[in-house]
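Asks: Letter by letter, the chains look like this.
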Amino acid sequence: MDEALTLWSYLARDPLLWLTLTLGAYVSAEGISVLCKRHPLANPVLIAVILLALVLRATETRYDTYFAGAQFVHFMLGPATVALALPLYLNLGRVKRAALPMLAGLLAGSLVAMLSALGLAWAFGLRGAALLSLAPKSATAPVALGVSEAVGGIPTLTAALVILTGIIGAVVATPMLNALGVKDWRARGFAVGVAAHGIGTAHAFRINPMAGAFSGIGMGLNAILTAVLAPLVVGLLF
Amino acid sequence: MIRVLLILLGFQLAGETAARGVGLAVPGPVLGLAGLFCAFLLVPRLASYMQDTVQGLLSHLSLLFVPAGVGVVANLDVIAAHGLGLFVALAGSTILAILAGVGAFLLVARITGSTDAGDAGDG
Numbered sequence: 001m002d003e004a005l006t007l008w009s010y011l012a013r014d015p016l017l018w019l020t021l022t023l024g025a026y027v028s029a030e031g032i033s034v035l036c037k038r039h040p041l042a043n044p045v046l047i048a049v050i051l052l053a054l055v056l057r058a059t060e061t062r063y064d065t066y067f068a069g070a071q072f073v074h075f076m077l078g079p080a081t082v083a084l085a086l087p088l089y090l091n092l093g094r095v096k097r098a099a100l101p102m103l104a105g106l107l108a109g110s111l112v113a114m115l116s117a118l119g120l121a122w123a124f125g126l127r128g129a130a131l132l133s134l135a136p137k138s139a140t141a142p143v144a145l146g147v148s149e150a151v152g153g154i155p156t157l158t159a160a161l162v163i164l165t166g167i168i169g170a171v172v173a174t175p176m177l178n179a180l181g182v183k184d185w186r187a188r189g190f191a192v193g194v195a196a197h198g199i200g201t202a203h204a205f206r207i208n209p210m211a212g213a214f215s216g217i218g219m220g221l222n223a224i225l226t227a228v229l230a231p232l233v234v235g236l237l238f
Numbered sequence: 001m002i003r004v005l006l007i008l009l010g011f012q013l014a015g016e017t018a019a020r021g022v023g024l025a026v027p028g029p030v031l032g033l034a035g036l037f038c039a040f041l042l043v044p045r046l047a048s049y050m051q052d053t054v055q056g057l058l059s060h061l062s063l064l065f066v067p068a069g070v071g072v073v074a075n076l077d078v079i080a081a082h083g084l085g086l087f088v089a090l091a092g093s094t095i096l097a098i099l100a101g102v103g104a105f106l107l108v109a110r111i112t113g114s115t116d117a118g119d120a121g122d123g
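Chains as they are written, first to last, in the UniProt record's numbering: chain A, 1 to 238; chain B, 1 to 123.
Hints listed in this document are in silico derivations from the structure and should not be mistaken for laboratory results.
Hints may contain errors.
[Unchecked claim] The following label-pair restraints were derived from C-beta to C-beta distances:
#: 1; chain 1: B; residue 1: Asp52; chain 2: A; residue 2: His39; range: 53 to 61 angstroms
#: 2; chain 1: A; residue 1: Gly24; chain 2: B; residue 2: Asp52; range: 21 to 29 angstroms
#: 3; chain 1: B; residue 1: Leu24; chain 2: A; residue 2: Gly125; range: 33 to 41 angstroms
#: 4; chain 1: B; residue 1: Arg20; chain 2: A; residue 2: Gly235; range: 20 to 28 angstroms
#: 5; chain 1: B; residue 1: Gln55; chain 2: A; residue 2: Gly125; range: 44 to 52 angstroms
#: 6; chain 1: A; residue 1: Gly128; chain 2: B; residue 2: Tyr49; range: 49 to 57 angstroms
#: 7; chain 1: B; residue 1: Ala18; chain 2: A; residue 2: Ile50; range: 36 to 44 angstroms
#: 8; chain 1: A; residue 1: Gly24; chain 2: B; residue 2: Tyr49; range: 47 to 55 angstroms
#: 9; chain 1: B; residue 1: Tyr49; chain 2: A; residue 2: Leu103; range: 28 to 36 angstroms
#: 10; chain 1: A; residue 1: Thr6; chain 2: B; residue 2: Gly23; range: 46 to 54 angstroms
#: 11; chain 1: A; residue 1: His39; chain 2: B; residue 2: Val22; range: 26 to 34 angstroms
[Said to hold, decoys possible] If you want the ones that stay clear, here's a sample from chain A, every Cβ over 10 angstroms from chain B, calculated:
#: 12; residue: Ala4
#: 13; residue: Leu11
#: 14; residue: Leu35
#: 15; residue: Leu46
#: 16; residue: Thr59
#: 17; residue: Glu60
#: 18; residue: Arg186
#: 19; residue: Leu232
#: 20; residue: Val234
[Unchecked claim] Which stretches of chain A does chain B cover? Using the computed rule of at least three CB atoms under 8 angstroms from a CB of chain B, they are:
#: 21; region: 18-25
#: 22; region: 65-73
#: 23; region: 81-91
#: 24; region: 201-213
Remember, it's a predicted structure, so these values are computed and weren't measured experimentally.
Even for Gly, the Cβ is constructed at its ideal location relative to N, Cα and C.
One chain only, chain A, in its complex shape:
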């Protein structure tokens, strides 16, 4: 028993264990998602996160310790964002023809995300820094954190709100848009990218390559627009 404990305390401090478990949780989550016939509620990110959270809780592991291993996966977000240039380029003809619809979708999606989040939270009695932390929640994380700080929000709270927004968007988008009978993959992908950034884009790529390409554009454009609009909206309202 002592030996097992010694081995555990060695492994638990080593990045290898948490990196391996992160990949293992994702592969398991993919398997579960396939078993559930890709039901939108069986979102792989959501399942992997729940699995890992259970392991961390059961082993009383701190997030810092976990992240020492998981950071190698997290790091790849940067190059993956750069890589979104490829689907954008491959769909260039479509993108050019859809310039005006995209502009309309971007303005509507970005403004509605910001105003309805602030309005609903206000109605539920939220005030102050917690309320302001919601303003940039549809933008991709690095932008949202900077904007949160600039408008007087709490960046760590915003980080959590951004991730939750992405998961909610990825879970609700497909059933909702199917129910409404929206068949235009450009519109579907773009709106999800604007509202639910990279996690929405990851989901869109899974459903349809063209939706993924448009989602990546929506995410990139809303990152820029949120950085400009959020301080203006917060300045006007508060």
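Based on the hints, put chain B in the right spot on chain A.
Replies: Below, chain B alone, put in the same frame as chain A:
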């Protein structure tokens, strides 16, 4: 694969440098995306060279959000402290934003005649 990774990291690094240097609010990777896109326009061959690796990377985009997602669960008490209202605001606003985005896109597409029907097949 290593060369493709080098290209991606190179554009990200250039983007980070530009963002810091000019003090832009846009994150480095988004500037890197813009840079790589311009490179594709100048050298179309680069796109086909990178295609397989990039599509492999993008097909597992979900994986890359897992560590940050675990961080949210680790800080769930922060969100719980602000109660149900915060969650309702998140869910409601995300649904409304998707609907608004799709609605505005489709409306303007119809007005400008930019339907997708004629595009079927090219990609």
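Asks: Now tell me, hint by hint, if it's right for this structure.
Replies: Results of checking the hints against the structure:
1. Asp52/B / His39/A: 53 to 61 angstroms: Check failed, 30 angstroms falls outside 53 to 61 angstroms.
2. Gly24/A / Asp52/B: 21 to 29 angstroms: 25 angstroms, holds
3. Leu24/B / Gly125/A: 33 to 41 angstroms: 36 angstroms, holds
4. Arg20/B / Gly235/A: 20 to 28 angstroms: Hint holds: Cβ distance 26 angstroms, inside 20 to 28 angstroms.
5. Gln55/B / Gly125/A: 44 to 52 angstroms: 47 angstroms, holds
6. Gly128/A / Tyr49/B: 49 to 57 angstroms: Given range 49 to 57 angstroms: holds, Cβ gap about 51 angstroms.
7. Ala18/B / Ile50/A: 36 to 44 angstroms: At roughly 38 angstroms between Cβ atoms, Ile50/A and Ala18/B fall inside 36 to 44 angstroms, so the hint holds.
8. Gly24/A / Tyr49/B: 47 to 55 angstroms: 32 angstroms, violated
9. Tyr49/B / Leu103/A: 28 to 36 angstroms: Hint holds: Cβ distance 32 angstroms, inside 28 to 36 angstroms.
10. Thr6/A / Gly23/B: 46 to 54 angstroms: This hint holds: roughly 50 angstroms between Cβ atoms.
11. His39/A / Val22/B: 26 to 34 angstroms: This hint is violated: roughly 45 angstroms between Cβ atoms.
12. Ala4: 25 angstroms, holds
13. Leu11: 18 angstroms, holds
14. Leu35: Check passes; 16 angstroms lies beyond 10 angstroms.
15. Leu46: Given a closest Cβ separation of 8 angstroms, the condition is violated.
16. Thr59: 13 angstroms, holds
17. Glu60: 12 angstroms, holds
18. Arg186: 6 angstroms, violated
19. Leu232: Non-interface label stands for Leu232/A: nearest chain B Cβ at 13 angstroms, farther than 10 angstroms.
20. Val234: 14 angstroms, holds
21. 18-25: Since 3 is at least three, the answer is holds.
22. 65-73: With 5 residues in contact (Cβ-Cβ under 8 angstroms with chain B), the coverage given for the region 65-73 of chain A holds.
23. 81-91: Holds, because 11 residues of the region 81-91 of chain A bring their Cβ atoms closer than 8 angstroms to Cβ atoms of chain B.
24. 201-213: holds (count 8)
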